[in-house]
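Protein chains in written order, with the numbering used here: chain A, 221 to 552; chain B, 17 to 447.
Calculated directly from the structure, the hints in this document are not laboratory data.
We treat Cβ as the ideally placed atom computed from N, Cα and C, and that holds for glycine.
Treat each hint with caution, since some may be false.
Claimed, not checked - Here are some chain B residues pointing at chain A (derived, C-beta under 7 Å):
#1 Ala-109
#2 Gly-215
#3 Lys-216
#4 Lys-270
#5 Leu-273
#6 Gly-274
#7 Thr-281
#8 Pro-412
#9 Ala-413
#10 Gln-416
#11 Ala-424
#12 Ala-427
#13 Ser-429
To be verified - DMTMM-like mimics (lysine to aspartate or glutamate), calculated; alpha carbons at most 20 Å apart, straight line:
#14 B/Lys-204 with A/Asp-378
#15 B/Lys-71 with B/Asp-307
#16 B/Lys-142 with B/Glu-361
#17 A/Lys-506 with B/Glu-446
#18 B/Lys-444 with A/Asp-297
#19 B/Lys-444 with B/Asp-246
#20 B/Lys-71 with B/Glu-82
#21 B/Lys-441 with B/Asp-246
#22 B/Lys-240 with B/Glu-333
#23 B/Lys-126 with B/Glu-445
#24 A/Lys-506 with B/Glu-445
#25 A/Lys-506 with B/Asp-242
#26 B/Lys-345 with B/Glu-135
#27 B/Lys-441 with A/Asp-297
#28 B/Lys-260 with A/Asp-401
#29 B/Lys-270 with A/Asp-392
#30 B/Lys-441 with A/Asp-310
#31 B/Lys-310 with A/Asp-378
#32 B/Lys-270 with A/Asp-401
#33 B/Lys-161 with B/Asp-136
#34 B/Lys-444 with A/Asp-310
#35 B/Lys-142 with B/Asp-159
#36 B/Lys-291 with A/Asp-378
#37 B/Lys-260 with B/Glu-325
#38 B/Lys-245 with B/Glu-445
#39 B/Lys-270 with A/Asp-378
Residue strings, one per chain:
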Amino acid sequence: MTSTFLPDKRTGPDLAVPSPTKASARGRARRRTLNWLTAVGFQLPALVLFVGLVLLPMLFALYAAFFRWGGFGMPSDYTGAGNFTRLFQDPVFLGDLWRCLVLVLLSLALQLPFALAMAVLLNQRLRGRAVYRMLFFAPYVLSEAITGVLFSMVFAPDAGLADHVLGGIGLDGLGGEWFADPSYVMATLFLVMTWKYFGFHMMLYLAGLQSIPAELTEAALIDGANAWQRFRNVTLPLLAPTLRISVFLSVIGSIQLFDLVWVVTQGGPDHHSETMAVTMFQYGFKRYQVGYASAISVVMFGICLVFALAYQRFVLRRDLEGATTTMRGDGK
Amino acid sequence: MGDRALSRRGFLAASAAAGLGVTALSGCGGDSDGGSSSGTTTVEWWNISTTQPTKSVWAGLAKKFEAQNPKVKLKIVQLENDAYKSKMTALTASGKLPDIFHTWGGGVLKQQIDAGLVEDLTDRTKPWADGLLPVAKQPYLIDDKVYGIPFDIGMIGFWYNKALFKQAGISEPPTTWGDFLDAVNKLKAKSITPLALAGKETWTGMYYWAYLAMRTAGIDALQKADEAKDFTGAGFVEAGQHFKDLIQLQPFQKGFLGAAYSTPTGQAATVGNGKAAMELMGQWAPVVEADAGKGLGANLGFFPFPAVEGGKGVITEVFGGGGGHALRKGAPQAAVDFLKFFASETSDLELVKKTGALPVVPAAASALSDPNTKAVQAQLTGATGFQLYLDQAYAPAVGQEVNDSVGALIAGSKSPEQVAQSITKVAKEEQ
Numbered sequence: 221m222t223s224t225f226l227p228d229k230r231t232g233p234d235l236a237v238p239s240p241t242k243a244s245a246r247g248r249a250r251r252r253t254l255n256w257l258t259a260v261g262f263q264l265p266a267l268v269l270f271v272g273l274v275l276l277p278m279l280f281a282l283y284a285a286f287f288r289w290g291g292f293g294m295p296s297d298y299t300g301a302g303n304f305t306r307l308f309q310d311p312v313f314l315g316d317l318w319r320c321l322v323l324v325l326l327s328l329a330l331q332l333p334f335a336l337a338m339a340v341l342l343n344q345r346l347r348g349r350a351v352y353r354m355l356f357f358a359p360y361v362l363s364e365a366i367t368g369v370l371f372s373m374v375f376a377p378d379a380g381l382a383d384h385v386l387g388g389i390g391l392d393g394l395g396g397e398w399f400a401d402p403s404y405v406m407a408t409l410f411l412v413m414t415w416k417y418f419g420f421h422m423m424l425y426l427a428g429l430q431s432i433p434a435e436l437t438e439a440a441l442i443d444g445a446n447a448w449q450r451f452r453n454v455t456l457p458l459l460a461p462t463l464r465i466s467v468f469l470s471v472i473g474s475i476q477l478f479d480l481v482w483v484v485t486q487g488g489p490d491h492h493s494e495t496m497a498v499t500m501f502q503y504g505f506k507r508y509q510v511g512y513a514s515a516i517s518v519v520m521f522g523i524c525l526v527f528a529l530a531y532q533r534f535v536l537r538r539d540l541e542g543a544t545t546t547m548r549g550d551g552k
Numbered sequence: 017m018g019d020r021a022l023s024r025r026g027f028l029a030a031s032a033a034a035g036l037g038v039t040a041l042s043g044c045g046g047d048s049d050g051g052s053s054s055g056t057t058t059v060e061w062w063n064i065s066t067t068q069p070t071k072s073v074w075a076g077l078a079k080k081f082e083a084q085n086p087k088v089k090l091k092i093v094q095l096e097n098d099a100y101k102s103k104m105t106a107l108t109a110s111g112k113l114p115d116i117f118h119t120w121g122g123g124v125l126k127q128q129i130d131a132g133l134v135e136d137l138t139d140r141t142k143p144w145a146d147g148l149l150p151v152a153k154q155p156y157l158i159d160d161k162v163y164g165i166p167f168d169i170g171m172i173g174f175w176y177n178k179a180l181f182k183q184a185g186i187s188e189p190p191t192t193w194g195d196f197l198d199a200v201n202k203l204k205a206k207s208i209t210p211l212a213l214a215g216k217e218t219w220t221g222m223y224y225w226a227y228l229a230m231r232t233a234g235i236d237a238l239q240k241a242d243e244a245k246d247f248t249g250a251g252f253v254e255a256g257q258h259f260k261d262l263i264q265l266q267p268f269q270k271g272f273l274g275a276a277y278s279t280p281t282g283q284a285a286t287v288g289n290g291k292a293a294m295e296l297m298g299q300w301a302p303v304v305e306a307d308a309g310k311g312l313g314a315n316l317g318f319f320p321f322p323a324v325e326g327g328k329g330v331i332t333e334v335f336g337g338g339g340g341h342a343l344r345k346g347a348p349q350a351a352v353d354f355l356k357f358f359a360s361e362t363s364d365l366e367l368v369k370k371t372g373a374l375p376v377v378p379a380a381a382s383a384l385s386d387p388n389t390k391a392v393q394a395q396l397t398g399a400t401g402f403q404l405y406l407d408q409a410y411a412p413a414v415g416q417e418v419n420d421s422v423g424a425l426i427a428g429s430k431s432p433e434q435v436a437q438s439i440t441k442v443a444k445e446e447q
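Please construct the entire structure, taking both the sequences and the accompanying hints into account.
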């Protein structure tokens with residue numbers, strides 16, 4: 221059914237009405253031009269917006285990254301790769317890269333498995349599971365800024381809810397300075413990130429789980445597979461496409477993390493929770509070293525791009541192939 | 017007053033006001049030329065007084081001015097502090113500023129002057145501006161020329177809880193750094209948290225370093241170091257060392273590294289709720305303490321930053337800043353008239369009485385009633401030297417690096433020498 225969009229299938233009744241004479245050939249040519257113009261006409265507004273608001277600023281940032289530029293007038297002080305060499309000697313930026321890696325690994329190792337476990341659990345027949353699903357998904361709907369303000373209150377040392385609760389169950393030893401402690405700030409931040417985002421991944425998995433035909437699990441059951449075997453050999457392989465997309469979103473999200481960090485810690489204490497986007501903001505909008513900030517954004521873009529391409533090429537290939545084979549369908 | 021405090025109200029306020037900024041941006045398309053259709057001049061006045069009661073008091077003064085000058089229309093554009101700063105950056109880049117605009121003076125104003133966008137007011141305001149409080153005019157004096165007229169002035173100093181001081185047996189506020197450290201020890205001995213600090217907002221820590229540098233290296237040194245792009249002089253390292261002596265006493269509240277300034281668990285609230293004995297803050301501190309916390313009322317006292325034994329600076333040199341107005345190059349005469357009106361004794365009396373601003377017209381000081389505000393005012397009037405907030409006086413990158421590396425000193429990841437070196441490095445990178 222997707223093949224109706226292919227040009228060579230366009231010899232449908234509407235196009236085949238006139239007999240194959242020279243006049244109709246001209247008519248067809250005119251119609252093709254008209255089609256083309258219509259297509260351009262419809263795409264133009266979106267294209268203008270995309271070029272003006274996305275493509276040009278990106279290209280300009282790439283250009284500005286090679287200048288020492290304070291944001292006034294046009295960049296003129298060309299420094300070659302100076303901004304980039306400075307970047308990779310800057311302990312804060314190198315720390316950003318390290319923290320980024322830690323966040324990605326933590327997300328993959330803890331957050332997603334947790335979301336999967338919750339999804340499998342809430343896919344069972346369970347009283348009030350709709351309520352649970354809604355509750356777990358709710359944090360995702362909340363804005364990052366609100367989440368940030370909320371948790372800076374929850375984790376306020378001594379006065380916050382977290383310390384009160386821990387104190388109430390006799391675990392005051394576990395309470396601490398949370399966001400204020402350089403050694404624990406990332407862990408606390410990750411806790412908040414998990415609270416906020418696991419519901420989203422859980423929803424993805426739930427949707428994936430529900431598209432798995434019940435017969436397969438039943439068949440496995442009849443073959444004597446236990447619960448773990450059913451999960452490992454039936455559910456997990458069939459959920460793989462969803463998992464791959466979820467991993468992709470999670471990694472890109474970790475690389476670009478900004479709002480939450482900015483609201484809660486502004487990258488502190490002493491840069492211990494700073495991410496690439498926060499560093500970029502500090503340089504671009506606080507120090508007015510726009511050239512240097514552009515270099516940071518270019519590196520960030522590069523990392524995302526390389527990851528996205530590699531991921532598509534090596535991991536998503538099978539999922540995407542499914543989509544492309546139908547497009548190539550009639551060529552075979 | 018309070019403007020600077022509001023500037024630190026954090027991201028939420030800023031992002032809320034960013035919406036406002038966009039509205040203002042779209043609202044001021046082509047009519048900023050002071051168009052004089054039918055003989056009336058429209059003067060655009062950009063300010064950051066978005067909070068009450070200041071907002072309505074200012075609007076009232078504008079109405080009064082319009083009544084006195086029937087041929088002049090004032091168009092007020094109000095932006096929240098952070099939004100205003102970003103908008104002005106964009107306007108400076110575009111080469112056109114509003115007729116009358118808010119300024120803090122210092123490096124940012126100089127940047128706009130260097131771009132040829134600001135009117136030189138030296139001669140046009142001389143007859144009446146000479147009578148204004150000298151220290152208040154300082155931030156807008158650039159190369160000995162007047163580029164702005166103040167409406168508020170303030171300074172940083174220690175705000176302390178008299179009851180807690182009494183409890184710790186401290187009879188008099190300390191006047192030397194040694195006495196100050198003793199006082200901190202005495203408070204700690206009574207299990208009282210001596211100081212509140214908003215470690216998340218690094219400008220709060222910068223005040224200590226800046227004052228100590230003024231006291232050790234002398235008031236001229238900060239200006240000279242900026243010009244020479246060299247902060248490695250002995251006075252600056254010594255200042256860092258003195259601060260480190262304080263930090264090592266662990267005088268700050270629990271979790272101060274993550275604390276904000278004006279939130280319900282922040283620096284101001286900690287002092288305002290009596291949970292810490294002191295904070296180093298500007299003249300707006302009592303208002304924010306009462307707003308974010310309970311406020312101390314009559315228990316609140318003020319003392320100037322102590323002198324450092326053997327240092328080049330003296331206790332009467334102040335660190336602070338205020339608010340003022342500058343005019344765009346070629347602004348109509350009506351704009352100058354308005355500055356004169358706004359800095360007149362009657363207007364200033366109203367500002368002092370109703371908005372809590374500190375007087376810039378000496379005669380308006382009679383309107384002050386609060387003993388602490390009076391103390392600040394006395395200190396300012398008797399000031400023998402004045403240093404503007406470093407993040408306004410220096411280029412933005414240098415100012416931020418001061419904040420940032422002093423923050424690292426507090427967190428223990430940089431030594432006093434490294435602080436001086438980091439600032440020097442950034443100052444050298446700036447052209």
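Open item on the list: Between the alpha carbons of B/Lys-441 and B/Asp-246, is the straight-line distance 20 Å or under?
Closed with: 8 Å, holds
- [ ] Sort out whether B/Asp-242 lies within 20 Å of A/Lys-506, counting only the CA atoms.
- [x] With Cα atoms ~18 Å apart, A/Lys-506 and B/Asp-242 stay inside 20 Å; holds.
Open item on the list: Would the hint on B/Ala-427 be counted as holding, given a Cβ-Cβ threshold of 7 Å to chain A?
Closed with: At 4 Å from the nearest chain A Cβ, B/Ala-427 passes the 7 Å test, so the hint holds.
TODO: Decide if the proposed pair is consistent with the structure: B/Lys-441 and A/Asp-310, CA atoms, cutoff 20 Å inclusive.
DONE: The given pair, whose Cα atoms are some 13 Å apart, holds under the 20 Å limit.
Open item on the list: Next pair to validate is B/Lys-240 with B/Glu-333; report whether the Cα-Cα distance is within 20 Å.
Closed with: 16 Å, holds
TODO: Sort out whether A/Asp-401 lies within 20 Å of B/Lys-270, counting only the CA atoms.
DONE: 10 Å, holds
TODO: Grab the minimum C-beta distance from B/Ala-424 to chain A and call the hint holds if it beats 7 Å, violated otherwise.
DONE: 5 Å, holds
- [ ] For the hint on B/Lys-270, just tell me whether its beta-carbon gets within less than 7 Å of chain A.
- [x] This hint holds: B/Lys-270 lies near chain A, its Cβ roughly 5 Å from the closest one there, short of 7 Å.
Open item on the list: For B/Lys-142 and B/Asp-159, compute the direct alpha-carbon distance and say whether it is at most 20 Å.
Closed with: Holds, because 16 Å separates the two Cα atoms, which is no more than 20 Å.
TODO: Would you settle whether the hint for B/Ser-429 is holds or violated, based on the nearest Cβ-Cβ distance to chain A being less than 7 Å?
DONE: Because about 5 Å separates B/Ser-429 from the closest Cβ in chain A, which is inside the 7 Å limit, the hint holds.
- [ ] Go through the hint on B/Pro-412 and say holds or violated, using the shortest Cβ distance to chain A against 7 Å.
- [x] Constraint on B/Pro-412 satisfied, holds at 5 Å.
Open item on the list: Need the status of pair B/Lys-126, B/Glu-445: alpha-carbon distance at most 20 Å?
Closed with: 19 Å, holds
Violated hints: none; the structure is consistent with every hint.
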